[in-house]
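Chains as they are written, first to last, in our numbering: chain A, 162 to 332; chain B, -11 to 227.
Errors might be hidden in some of the hints.
With a cut-off of at most 27 Å between alpha-carbon atoms, the simulated BS3-like pairs for lysine-lysine come out as follows [as the list claims (entries may be wrong)]:
no., chain 1, residue 1, chain 2, residue 2
1, B, Lys124, A, Lys209
2, B, Lys222, B, Lys124
3, B, Lys53, B, Lys63
4, A, Lys201, B, Lys33
5, A, Lys219, A, Lys209
6, B, Lys128, A, Lys192
Derived by calculation from the structure, the hints in this document are not laboratory data.
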Amino acid sequence: MLSHLVVGQTLYFGDSLFYIISFVLLMWIIKIFAWGPVTKMMQDRADKISNDIDSAEKSRTDAASLVEKRQAALANSRSEAQTIVSDAKTNGQQQREQIVTQAQADVQTMKQNAQKDIEQERQDALSDARNDVADLSIEIASKIIQRELKADDQKALIDSYIEGLGKQHES
Amino acid sequence: MSDDPVSTFQFLGLTFSTANVVSGLVVFLLVVAVVFFTSRKLAMKPTKGQNFLEWLIDFTNGILKGSIPAGDVGKFGLWGFTLFLFLFLSNEIGLFIQVATRSGATIMRSPTSDPIATLTFSLMTMMIAQFAGVWKLGYKAHFANYMKPFVFWLPISIFEEFTNFLTLGLRIFGVIFSGEMLLGVIWDLAVSHGIVTMIIALPIEMAWQGFSAFLGAIQAFVFVTLSSVYISQKLELEE
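The shape of chain A in the complex, shown without the other chains (with noise of 0.2 Å):
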């Protein structure tokens, strides 16, 4: 076979052309088939890992400054609860304070006018009573008086009365 290669003898160099043209189109058929998407691929491949590597450590930095913050709320709201609640105390003391007053103040202007209501009372019941007294007395008396008449003075009585009557009559 090595004879091929001996001057004279035939070359074969349709062969040469051959497997040049169809290395050539192998090559291209690879690239199309298989090198381009696949190395396309090994390339989206290493960038997503590397893309996922740095979204990895953003999180990471994401996550570790969320915790600071919100340990910085928590101190702060329970700062604030402390605050809200000795307001709330010293108001509490505040308002116990001015009802107390207030209610002693009232107290002591109900009782002023009670006693003076009393007072009143007392002045109309004894003053009613003394009119009644009277009254009575007086009924008591008429009636005494008239019993005593009607026996021995009946003609003077009628004329009383007619006498009230003719004085009625003028007024």
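Starting from the known structure of chain A, fit chain B onto it as the hints suggest.
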């Protein structure tokens, strides 16, 4: 074996060897089939075929990275991949399929067991090296490289191109051709005295086939490695 008749045909005024064309075509179709069926349904999470293909691409890229500067590897990746796959399958196919016509002319064997095929690939490498040198350094610097370290080195540099071309092509041819020839010799031994020699020859045949398969892989690897070395030599200015 060199006395065997060779089947040839004429086309466009050129002489073609039937064996080379047929076996080259078979390897071509095999490469296309391998690459086509492993590259279906590409995904971010690779499955069986894609894993194999990506491993192969990484492997050939690794060979190129061994000598070519990292920035230029991407431009030769496809070439290295195609060359390795084609040569590997070429080396191996003759170990399993050999077809001959009734008159004794082979029409199917390893394409790389013919020097015209291997020297074609070798010539392709040399041409790519020249083009890469001109592309990277410019005409002046590229051809000035031949006169380094001093002007009188020029004949040696030119001669080196030819020796590189010949050794690159003939190394792979020699290994594959001798492997197939010995397989033929063992076969002759097997059929020489009936069943007895057949039984004796079987383990020898199996051992040699396994060894040849190993050598075929090694030679494809060596060819791509040396090609990338020759190219990388043209990509840098000699001191």
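- Structure versus earlier hints, numbers of those that do not hold, lowest first: Numbers 1, 6 - these are the hints that the structure violates, sorted from lowest upward.
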